[in-house]
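Note that the protein sequences, when read in sequence, are chains Y and E.
1 is the number of the first residue of the first sequence in the numbering used here; add one for each residue after it.
1 is the number of the first residue of the second sequence in the numbering used here; add one for each residue after it.
One should not assume that every hint holds.
Calculated pairs, DSBU-like style, for lysine-lysine (alpha carbon to alpha carbon, straight line, at most 35 Å) [as the list claims (entries may be wrong)]:
no., chain 1, residue 1, chain 2, residue 2
1, Y, Lys233, E, Lys232
2, Y, Lys319, Y, Lys178
3, Y, Lys178, E, Lys178
4, Y, Lys319, E, Lys48
5, Y, Lys405, E, Lys48
6, Y, Lys319, E, Lys231
Rather than coming from a laboratory, the hints here were simulated on the basis of the structure.
Protein chains: 2
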Amino acid sequence: MNTEKMKEFEYFFYPKAVAVIGASYDDGFSQALMSTKMKDNLFLVNPKYEELSGKKCYTSVLDINDGIDYAIIAVPAPLTPKVLTECIQKGIKAAHVFSAGFSETGIEERKRLEDEVKKLTKDKIRIIGPNCMGIHCSKSGLAFIPDASTEEGPVGVISQSGTVAEQFLTLGKIRNIKFSKVISYGNAIDLDCPDFLEYLADDSETKVIALYMEGTKDGKRLKLELSKAAKKKPILALKGGMTAHGSRAASSHTGSLAGSPETWNSLFKQTGTLQVTSFDELLDAALALTHSPLPSGKGISMITNSGGFSVIETDSCVKAGLEVPQFSEETTRELRKIVPIAGTSIGNPLDAWPIYYNMPGNPGTLADAIKIVIHDKNIHSLVLHFDEINYLRRFLGDALEGHLKELVKLMISGCQYARDEIGKPVMICVSLDAYSEDEEDRKYHLMVKKAFENGGFPVYSSLNASIKALFNLYRYAEQLCKEDHICVR
Amino acid sequence: MNTEKMKEFEYFFYPKAVAVIGASYDDGFSQALMSTKMKDNLFLVNPKYEELSGKKCYTSVLDINDGIDYAIIAVPAPLTPKVLTECIQKGIKAAHVFSAGFSETGIEERKRLEDEVKKLTKDKIRIIGPNCMGIHCSKSGLAFIPDASTEEGPVGVISQSGTVAEQFLTLGKIRNIKFSKVISYGNAIDLDCPDFLEYLADDSETKVIALYMEGTKDGKRLKLELSKAAKKKPILALKGGMTAHGSRAASSHTGSLAGSPETWNSLFKQTGTLQVTSFDELLDAALALTHSPLPSGKGISMITNSGGFSVIETDSCVKAGLEVPQFSEETTRELRKIVPIAGTSIGNPLDAWPIYYNMPGNPGTLADAIKIVIHDKNIHSLVLHFDEINYLRRFLGDALEGHLKELVKLMISGCQYARDEIGKPVMICVSLDAYSEDEEDRKYHLMVKKAFENGGFPVYSSLNASIKALFNLYRYAEQLCKEDHICVR
C-alpha cells in the first residue's frame, strides 16, 4: 500500500479527534469511546442536548473549534446527507456511517438515498458504511461496543456484518483472542473489503486476518488483494450465503449478490485463503494461528481420560482430515513403564486415567507421558483433553485445589516441552458445558483454562473445536509448503 | 419380551436390596447409592472395614442375613472369581462387575481371567460387565455417580463406554434431559446391547432410546432387536470406531471388532435407527424427541436479531438438510405491519430486532410475529434465537430484569401458540459461551433458558445445535411416514 493511501487509512484507525454525530444518553459509540483512551479526544454532537456524560454536546460538527479526523454518524438515514455535508465543510477526512435504512432495505427510495450519499461524498470524504459498526482499534482507543477488550492483539477482522463484528469482540474477550483492528464495513458505498485487506496485509500489528463477507462488488479486486495478503499472513474467511437460501438471506441483509458457491470456493482456493464453514471455526482457527507453531504432518496424539470419548474423537479427527496413528513400539514400551494396567489402554489416543489424575503411587506423571509421546516420529501435534474435575473432587474434597494446581503445573511443563523444545503444536481442551451451573466445577475449569492461557496455549471448551483448529493449522502449514514460502517439514 | 426374561431384568433395574462388594470410603457406588432411596436397602462388603459411612460393613456377602437381588462388584479383577462364587452361593440373581483389567487390556492372562468368570457364572447368575458402570435407574434409586439427577424421565440409554454413560447423566442434568435408565455394559460377557434393547423397547418408562456402541458380538441379533425396538420408539445411535483409526481405538478400548463403516451405516438404515455422528448430536436429538411434536416438512423459520448470523445459520440449515423458504406474500405483508423498516429485513430468517427486543413504540410484539410466521404454509417449524442480553442491559440498566421477564412471557406465549395450537415444533436457542465469566449475563441467559424449559421447550446453547436437533426430528418424522406407521403430514 502506498504512503498516500496508508495516510488516508490513518484517519480511520488512528484519528487524533473523533466526533459522534447523533450522540445520545444511550448510544453505544459514545459509551464505548468514553471508556477508552479516546475519551479526551471525543466530541459529541446532537442539537437536542447541551451536555452528555459530563461532556459538552455541540449542535453541529461545525461548532467544534478543534480539528476532527473521524466522524461517527449515528443519525436517522434521511438526515445523513445534511450531516455529511457539514463534515465535508468542516474538513473531516474520514466518516463512518452507522445509520441503517439504505439499500439493504430493498426499498427504492432508500436505494436512491444511498446513491445520493455516495455522490455527495465522492472525492471529498472517505466513507465506511453505511449500515455498519465501523472500526475498533485497540491501540488508538476506537471502539464500538462499550464492554470490548482494549488489549492489543494479533488478529485483524474485516466483517460485512455488524453483529458478526461485535461477536468477534464479545467472544474474543471470553476466548482469549485479542485484536489489532475489527472493521465492520456494511453496505460499502466507498471503502470495501479489498481496501481493508490491502491495509491489514501491511499493518504490522496484524498477524492473522479473519474475514466475514456475504458478497463483493468487485470480484477481481477482491481476488487480487486476497492473493497479495495471503502471501504475507494467514487469511481465514467465512463466506455467508453459500446455499441458495443463505444467498437469498444475504441479499436481503446486505444487498449482496452472493455468487455461486463454486466461484467462491475456487476464489478462496486460488488465492490461498483458508475458507472455514462456521463462525466458531473462524474464531478457533484464529486463536490457534496466533498461539502455536505449525505442525509438520497430520499425525496427532490425544491424551484423554475416557476410552469412549477417545474413540468418538478419533473418528472426528479422521473425518476432519487428521490422523491418529499408532505409537511406535518404543513409545508404547516407554509408556507401559509409567501407566498402570487396569482400565487403561496404551494406545493413541492415550486413555491414561491413573496418571492423568496424578494419583499417588504411579511410577510416572502426565508430564512424563507427554514427553514420551511427543518424541514419536509419527506424532506431529498433541491435543490434551482435560475434563472431569468432578471425579477428582469426589476423591479429594478440600485437597482438590492444591492437587489441581500441582497437576496443572505438570501438564503445562509437559506441554511447554512439546511446544518449545520439540516445536510441535499443543491444543488444550478444557471441557465445559455452557449451561453448567455447578459453580465450583466452573471455577476449577476456568482456573485450569487460564493457567494454560497464561502459558500461551490455545484453549477450547470442546474437543471437536480443538481438533478443527488443529486441522486449520495443518491446512496453513500445507499451503506454505505448496507455495514454497516456508516449509516446516 | 417374555415374562420370565422381564423378571430376570427386574433384578437389575428394581432390586429390593443391593450389595456393594469392595466398598470403601471413596468408592463412587456407595456414595451414589447412599444419596438415593436405595440407601436403606444397601449393604456394604469389604473385609478391611467394620463400618463405612455409618453403615455396618460385612466381611463377605455370605455374612449378610437379608436377601440380596443385585451385587455391584468393585474389587480388583483377579479377586472377581472368588467374589462371584460367593454371590452365587448367596443366591444373588444379578451382578454388575465394575472391575476393569480383563480382555480390554489385550493381555492374554487377562483374557483368560475373563473366560474364567464367564464359565463360572454361566446359567448361575446374570452379569453386566465387566469394565462398566452398570445401571442407573431413576425410579428404583440405582445410581453410579453421586451427583446425578434422580428425576425420572423418558430417555433410556445403553452405552458400551462407562465415561459416555456418565456424561449422559452429567450433561443431561445440565441440559434438562431426564432418564428412565442409563445402562453401561462394557465387555458384555453375558448381557449385551441387544438384551438391553429388548428390555427398553418394552419398558413403559422409556420413550426414546439412545445408544453408544463400539462393536457387537452378534450382529444378527443386534439387527433383529434394533428393528423390533425401532417400531416401538425412536432409537438414536452413535457408533464409535467408524474410521480405521477410530476402529483401532475401539478395539483397544472395549476389545470390539468394529466392522466396516458401510456395514454399520446400512444396519442402522435398514433397522430404522437414527444414526448420529457426535455425542452432542445424540443428546440434543434425545432432548428434541422428548420435548416436541414432529415437523410435517423441512421448511423452517428462524427468528434472530442478527442479519449476519442469520445468513450463516441459513447456510447451516440447508447443509443440515432443512430449508429456509421465503415467506408467503401474506406473511410478509402481515409482518411489515408490525416490524419497523431501518436495519431489519422482512424475510426468512426474520431479523426483526426492534420488536425482538420489545422496545416501546412498535405496533406489534414478538408474540405477534411468531403467530404470523407459524401460519405460513411453507413453514413447518420454528427456531427462536435469543441472544444479546448485553444489548438490552446497556439500554435498560436496572430495568433489565423486569423488561426481560415481560419479553420472555411474550416469547413463550408465541411459542406455545405455535406448538400447542398449530402443532409445529419450536426449538429455542439461548446462546451462551461455555467460558463466559460475565456473571450477570450468565444469570439472565440461564433465567431465560429455564423459563423456556419450564414451558416444555427444548433449549440449546448454540443455533447449530438447535438446527441439528430439528433435523433429527425431521428425519424421524420422515421415517414414520415411510414405514406408514404414523404420518404427521
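Taking the hints in turn, this is what the structure says about them:
For the proposed pair Lys233/Y and Lys232/E, the alpha carbon gap of about 56 Å is over 35 Å, so the pair is violated. A C-alpha spacing of about 30 Å is found between Lys319/Y and Lys178/Y, which places the hinted pair at or below 35 Å, so the restraint holds. For the hint linking Lys178/Y to Lys178/E, the alpha-carbon distance of about 40 Å lies beyond 35 Å, and the restraint is violated. A hinted pair counts as satisfied when its Cα atoms are at most 35 Å apart, and Lys319/Y with Lys48/E does not qualify at roughly 49 Å.
Using a Cα cut-off of 35 Å, the hinted pair Lys405/Y and Lys48/E holds, with the two alpha carbons roughly 32 Å apart. Simply put, Lys319/Y and Lys231/E have alpha-carbon atoms about 31 Å apart, close enough for the 35 Å limit, and the pair holds.
Of the numbered hints stated above, those contradicted by the structure are hints 1, 3, 4, listed in ascending order.
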